[in-house]
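For the sequence shown, UniProt numbering assigns the number 1 to the initial residue and increments by one for each residue that follows.
Just so you know, the hints here were simulated from the structure itself, not pulled from any lab data.
Do not take every clue at face value.
[Unchecked claim] Computed list of lysine-lysine pairs in DSSO-like fashion (alpha-carbon distance at most 27 Å, straight line):
| no. | residue 1 | residue 2 |
| --- | --- | --- |
| 1 | K74 | K97 |
| 2 | K29 | K119 |
| 3 | K97 | K29 |
| 4 | K119 | K74 |
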Amino acid sequence: AEPKYLVAVQPVPANDVKKQCTGKVNLEKPLHLVIGSVTPTSVLLSWGTLLRTPYEGNIMNDCLEDGQYTVRYKERDRNDWNYQACPTSDTVIENLKPNTPYEFGVRPEKEKETGVWSKPVIHNTNTDAKPLKKPFNPRAPNRKP
1 AEPKYLVAVQ PVPANDVKKQ CTGKVNLEKP LHLVIGSVTP TSVLLSWGTL
51 LRTPYEGNIM NDCLEDGQYT VRYKERDRND WNYQACPTSD TVIENLKPNT
101 PYEFGVRPEK EKETGVWSKP VIHNTNTDAK PLKKPFNPRA PNRKP
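Can you build the whole structure from these sequences, using the hints too?
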């Protein structure tokens, strides 16, 4: 049997939120970036000091107590980057064009220091999507091969 999960969310005042990190991120070393398709127009990015798959391990190991990460992405053949700030070591990038190659990178930022960009990773939206099947037509005659 597959495990079932119950997730509860409770609002808290913004000034009561404090990240509790257990690991340290070296600003001088590039992070390892892993990308997985979520939909034809969105991807899940996950990164850390060690190469891992999305949602593997404890994300608090690579969080920044007094900082954040900056993700950048662009269509591979374009020059204009899009930037997104992220407090944890994974995020979903949405509103991408389907079946389009994108280049992604991430870097840590702590106080007024910025880390180095990760090695660029090229990912084609729709690459991991399952192929679409033709819809079943109940009125079509059955043909035997």
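Comparing the hints with the structure gives:
no. : hint        : verdict
1   : K74 to K97  : holds (11 Å)
2   : K29 to K119 : holds (11 Å)
3   : K97 to K29  : violated (31 Å)
4   : K119 to K74 : holds (14 Å)
When each numbered hint is compared with the structure, a violation occurs for hint 3 only.
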